[in-house]
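Chemist: This is what each chain is made of:
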Amino acid sequence: MASETLATRERRGGLLGWFRADTFEGVRRQRAILGYLFLLPAFIGLVTFVVGPMFVSFGLSFYRWNIFKPPDPIGIANFQRLLTDSRLPGIYGNTMLLVVGTVVITQVLAIALALGVTQLRSRKLAYFLRTAWFLPVLMSGAAVGVTLSYLFQREFGPINYYLGILGIDRIPWMTSASTVMYTIIITAVWKNLGFIFVIYLGAVVSLPQEILDAADVDGAHGWRRLWTVTLPLISPIMLFATVINVIGAMQIFDEPQIMTRGGPGDGSRTAVMYMYEVAFKEQEFGYGSAIAVTLFIAILIVTGIQFLLSKRWVFYG
Amino acid sequence: MAGTTTTAVQERHTVNPLDRPWGRWIQTAFLIFIGLLTLMPLLWVISTSFRTLRDSFTVPPVWIHFDFDFGNYQSVFDTIPFLNMLRNSFAYAGGAVLGGAVTSALAGYAFARLQFRGRDVLFWVVLSTMMVPGQMTIIPVYILMGVKYLNLVNTLWSLIIPSIFTAFGIFLLRQYFRQVPGDYEESALIDGANQWQIFRRIYLPLAAPGIAILSILTFNSRWNDYFTPLVFINSQQAMPITMGIVELQGEWSTGSIAVVFAGIVLSVIPVIVVYIFGQRYLLEGLMMGGIKG
Amino acid sequence: MTHKLSRRDMLKGTAAGAVGLVAGLTPAMAPAQDAIQIRWSQNEERWTPVVNNFNEMADTPVEIEFLSITGIDHEEVASKILSLLAAGQPLDAGYAATEATVLYAGQGVAMSLTDRVKDNADELAEYFSDMAPILPEVMMWEGDLYQLPDGCNAPNMYFNLNVLELAGLEVPPADWTKDDFHEYAVATTNAGGQETFGYAWTNRLWGSWGPWYFVNDSNFLTEERAPGGEWLWETFYMDNDTVAHRGGGWRWPEPSANHPNTVEALEYVTSLVAEGISPGIEMGGGSSLQGLYVTDKLAMTPAGGFWAGGLINAGMEKGTFDVQFWPQWKSQRHQLGVGGNWIFTGSPNPDVMWEILKFSVKREQMLSLKDRYRPLMRTTPVRRSMASDESYEPSGPANWHVFYDTLDRQDTGPIPAPPEANAVTNIHTRFTGLAVSGEMSPQEAMDQAQAELVALFARTRG
Numbered sequence: 001m002a003s004e005t006l007a008t009r010e011r012r013g014g015l016l017g018w019f020r021a022d023t024f025e026g027v028r029r030q031r032a033i034l035g036y037l038f039l040l041p042a043f044i045g046l047v048t049f050v051v052g053p054m055f056v057s058f059g060l061s062f063y064r065w066n067i068f069k070p071p072d073p074i075g076i077a078n079f080q081r082l083l084t085d086s087r088l089p090g091i092y093g094n095t096m097l098l099v100v101g102t103v104v105i106t107q108v109l110a111i112a113l114a115l116g117v118t119q120l121r122s123r124k125l126a127y128f129l130r131t132a133w134f135l136p137v138l139m140s141g142a143a144v145g146v147t148l149s150y151l152f153q154r155e156f157g158p159i160n161y162y163l164g165i166l167g168i169d170r171i172p173w174m175t176s177a178s179t180v181m182y183t184i185i186i187t188a189v190w191k192n193l194g195f196i197f198v199i200y201l202g203a204v205v206s207l208p209q210e211i212l213d214a215a216d217v218d219g220a221h222g223w224r225r226l227w228t229v230t231l232p233l234i235s236p237i238m239l240f241a242t243v244i245n246v247i248g249a250m251q252i253f254d255e256p257q258i259m260t261r262g263g264p265g266d267g268s269r270t271a272v273m274y275m276y277e278v279a280f281k282e283q284e285f286g287y288g289s290a291i292a293v294t295l296f297i298a299i300l301i302v303t304g305i306q307f308l309l310s311k312r313w314v315f316y317g
Numbered sequence: 001m002a003g004t005t006t007t008a009v010q011e012r013h014t015v016n017p018l019d020r021p022w023g024r025w026i027q028t029a030f031l032i033f034i035g036l037l038t039l040m041p042l043l044w045v046i047s048t049s050f051r052t053l054r055d056s057f058t059v060p061p062v063w064i065h066f067d068f069d070f071g072n073y074q075s076v077f078d079t080i081p082f083l084n085m086l087r088n089s090f091a092y093a094g095g096a097v098l099g100g101a102v103t104s105a106l107a108g109y110a111f112a113r114l115q116f117r118g119r120d121v122l123f124w125v126v127l128s129t130m131m132v133p134g135q136m137t138i139i140p141v142y143i144l145m146g147v148k149y150l151n152l153v154n155t156l157w158s159l160i161i162p163s164i165f166t167a168f169g170i171f172l173l174r175q176y177f178r179q180v181p182g183d184y185e186e187s188a189l190i191d192g193a194n195q196w197q198i199f200r201r202i203y204l205p206l207a208a209p210g211i212a213i214l215s216i217l218t219f220n221s222r223w224n225d226y227f228t229p230l231v232f233i234n235s236q237q238a239m240p241i242t243m244g245i246v247e248l249q250g251e252w253s254t255g256s257i258a259v260v261f262a263g264i265v266l267s268v269i270p271v272i273v274v275y276i277f278g279q280r281y282l283l284e285g286l287m288m289g290g291i292k293g
Numbered sequence: 001m002t003h004k005l006s007r008r009d010m011l012k013g014t015a016a017g018a019v020g021l022v023a024g025l026t027p028a029m030a031p032a033q034d035a036i037q038i039r040w041s042q043n044e045e046r047w048t049p050v051v052n053n054f055n056e057m058a059d060t061p062v063e064i065e066f067l068s069i070t071g072i073d074h075e076e077v078a079s080k081i082l083s084l085l086a087a088g089q090p091l092d093a094g095y096a097a098t099e100a101t102v103l104y105a106g107q108g109v110a111m112s113l114t115d116r117v118k119d120n121a122d123e124l125a126e127y128f129s130d131m132a133p134i135l136p137e138v139m140m141w142e143g144d145l146y147q148l149p150d151g152c153n154a155p156n157m158y159f160n161l162n163v164l165e166l167a168g169l170e171v172p173p174a175d176w177t178k179d180d181f182h183e184y185a186v187a188t189t190n191a192g193g194q195e196t197f198g199y200a201w202t203n204r205l206w207g208s209w210g211p212w213y214f215v216n217d218s219n220f221l222t223e224e225r226a227p228g229g230e231w232l233w234e235t236f237y238m239d240n241d242t243v244a245h246r247g248g249g250w251r252w253p254e255p256s257a258n259h260p261n262t263v264e265a266l267e268y269v270t271s272l273v274a275e276g277i278s279p280g281i282e283m284g285g286g287s288s289l290q291g292l293y294v295t296d297k298l299a300m301t302p303a304g305g306f307w308a309g310g311l312i313n314a315g316m317e318k319g320t321f322d323v324q325f326w327p328q329w330k331s332q333r334h335q336l337g338v339g340g341n342w343i344f345t346g347s348p349n350p351d352v353m354w355e356i357l358k359f360s361v362k363r364e365q366m367l368s369l370k371d372r373y374r375p376l377m378r379t380t381p382v383r384r385s386m387a388s389d390e391s392y393e394p395s396g397p398a399n400w401h402v403f404y405d406t407l408d409r410q411d412t413g414p415i416p417a418p419p420e421a422n423a424v425t426n427i428h429t430r431f432t433g434l435a436v437s438g439e440m441s442p443q444e445a446m447d448q449a450q451a452e453l454v455a456l457f458a459r460t461r462g
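Protein chains in written order, with the numbering used here: chain A, 1 to 317; chain B, 1 to 293; chain C, 1 to 462.
Source of the hints: derived by calculation from the structure; they are not laboratory data.
Predicted, not measured: the structure shown is a model, and the values here were computed from it.
Possibly wrong hints are sitting among the right ones.
What the hints assert, rightly or not - Label-pair restraints from in silico Cβ distances: (1) 117/B with 55/A: 20 to 28 angstroms; (2) 70/B with 253/C: 53 to 61 angstroms; (3) 26/B with 105/A: 17 to 25 angstroms; (4) 36/B with 170/C: 40 to 48 angstroms; (5) 228/C with 72/A: 50 to 58 angstroms; (6) 118/B with 48/A: 43 to 51 angstroms; (7) 48/A with 375/C: 42 to 50 angstroms; (8) 190/B with 211/A: 18 to 26 angstroms; (9) 181/B with 79/A: 47 to 55 angstroms.
To be verified - Pairs of lysine to any residue residues, derived as SDA-like cross-links and limited to a Cα-Cα distance of at most 25 angstroms, are as follows: (10) 281/A with 63/C; (11) 362/C with 85/C; (12) 311/A with 217/A; (13) 311/A with 130/B; (14) 311/A with 277/B; (15) 148/B with 68/A; (16) 311/A with 77/B; (17) 124/A with 30/B; (18) 281/A with 462/C; (19) 311/A with 118/B; (20) 148/B with 63/C; (21) 370/C with 77/B; (22) 281/A with 118/C; (23) 118/C with 351/C; (24) 69/A with 85/C; (25) 124/A with 23/B; (26) 311/A with 23/B; (27) 124/A with 277/B; (28) 124/A with 34/B; (29) 281/A with 114/C.
All C-beta atoms, glycine included, are put in the ideal place defined by N, C-alpha and C.
Okay, chain A solo, but in the shape it has when bound (with noise of 0.2 angstroms):
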């Protein structure tokens, strides 16, 4: 099958004709017949066990279901119950927090990491260093939810014998309402860095050499370069990591289930969470099931914009 050529395929006729690699169309066909067979497994895999679910949920948000007594349909009683949940603008407001500052303090960081670390002289040191900042991924959601709250424990956490040390006073990272929420952004950035780094690490090291030194010899060096030529080099890269990033933060849960259960208050409390414990834990899936709706769709239009706004900036090569 590896040998055949331009050449063999040509004195084929009849319906194969239709395919003829010779012709512009039969390459095109053959393209887009070849694109439907490389979807099937993954659209089959997602259509059942996540698009078909994911419309049995949504159904259910026209519903009340406790799962005792079989589901009720009540009409859009769901929805309006969430315009008067006097929770919720608290709750999305914690979740855009948490969006904002672990994205913008991940990406950043996570690109500075990938640039500097392949600038090392020292190999040794590099290979260190992308180990140490890839192990808090390697550690499960719940263990770092142990973890954290141990070392952010307010009277006897290391943290806060550290921060004694520089003379600052003991922080209430879990206790307070206030902090709570900065707490699980330091948090989310700590356990997800690595993460993001190692996706900008495969496109920083792949960066075609050829162009580099080309904007070199045109003199474009240190931040021109960098700005210039390299953001825009990965920027195809850079638009997966913040989506990715950005619906990875709208649905964090583990942590702040494990050191804080969403306290004080609602002060650390995300939608996923919201969501978690209306529909398993008071057995609301049908009230559930309609804050899900409302995740989706804000996760859905922050996702469309930033496609949209990526048309700017994203080059493709």
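Given chain A's structure and the hints, the job is docking chains B and C onto it.
Modeler: Below, chains B and C alone, put in the same frame as chain A:
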């Protein structure tokens, strides 16, 4: 190794505004500082796992000590069927990596390099599946896995099969395939390669770093998955290690946190090994395929 | 071409992965299928010895498929059972604590055991006579019994004797008061020049600041006894003159979060945080609380019998901690939670399941549960005869009798756990958190909690 040459090449051509002796020092110091921040909590976990709980809350914190107590590690093995759980985690994460790489590479290539009607709409459908919190779809998927349909509940297949299909992988590889300059394809066509060969011989190898990254990240996320097994797995025989760690915490948190830390250390070692192996492969692959092409 | 090497590497990796995968999958691949199966949501390791014993004496052995319940708190256990129910998975039996007992009973998911208990009265007489009446009473709902009690915990005061010693104090007498408590708390804060805290607790429903509103003669919800239950009292507790006032389980008709006494209790614990007697109050499972306690940085905390074994397990030495009743305030009323097994209404084999349950509450079977009462006491036994010098020998505390005596106190009652217990717990912890972290005054917090509870009850009780 290939890594040396590239680093050297890049250094020659990189003129950083901080590229004066002190600038370089600041840069390096910053990188090391971040490394310490990411390293410290894990060091603390390791350090605590070798102590009895009574010594765990010492102020000032003790990072290195010499009277190692392996009792916590012994407790891990006594409390949960650790090796069996480890094997389950390997099967879950390994299966997800293998299956996920295939479906994602195919679909990612289709979205990046092939033109067909409805492509953008389909891409958004795929992308939108990432936006659904797993907590919301788990009940319908669980019903699907149940006796009435697939009858896979309480098997590792119930974990592996849904995780083979990921929008994340498709999206990641799409971006990698798009990053490859288009002229490769034209020259291949002129050489007489067919469409499958163009994918298999040219693009797939070029996307190897992407596949390596995807594999590392997939392995890692499945290894650390707690929520899906919590719902799908009912017997200790099929439990992955994440559930074991929670079991170590005990009812009402009466388990020793030092034992939990020992469990965390043990469970993180395999993923570190995978990462170190994967990282080497990743960088070598990048040097060979990606740049010289 | 240079690609070949990288591709070969990848194939090598793939092959290694495939081998590992096949090796890993084989044993756990197919679901175990066999004759008569019982599906039981319980802790597999702990209960396997009892099931084995049952099969030795049973005519037709059973094969139990345990639906393991991995979780730290009761709410996680409940989530798993809810998932099973939602998916329509057949289930025979499950475990529930007070937090969920009434929920399953009220929703018709759990089967009433009343008739079966009556039919087996002779056989069960010994079990009930060995048990404080409050325990089956808490397992009742509207006059019917839904679970056979299996373990229980009532928050008592735990003392770290090392910290008490720094302050020159000893364990107080049983009739100590809130004022005594306050003196203790002040004296043990920064005791002997070390950084210590007098008192700490974890923000949840059971054992949180609940003991304080109980002794302040109040509650988070109003409570009353449901009528009924005479069948139980007359069958098993004929000679017991303390059951006259008992009924057929609890009801919680109205919220009472902003009752002046409840608010007063919250004001008190909040003031302890403000004065530095208590550290910041954390949400969650209580593991860092245990850490503080074990490392001698905390003098007093609420916990139940489960902590005795737990502290030893965590590295504390026997004799370095002790317990006492909760201090008196307006009353000295204690709260408790009870756990047990219930049979699913849709169970395909309720008769077999009942036989297993009945068998499992025999004294020797309870003792054979793995890591439950031996080698260390990991919960308070429901059988009075199992709370003994002998059973507390490995762990202490010296005052171990307080655990069971709390159950015998006539006024001891359950934590507020109506069918809406999960939502109530959420409101409880949320507004408690806001008050103790100083975001709201206790009065404001409880007023808002009351408003949310009223709305909740309006929604659920229509």
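Chemist: Hint by hint, which ones does this structure get wrong, listed from lowest number up?
Modeler: The structure conflicts with hints 5, 6, 10, 11, 12, 14, 16, 22, 26 and 29, although it agrees with all the remaining ones.
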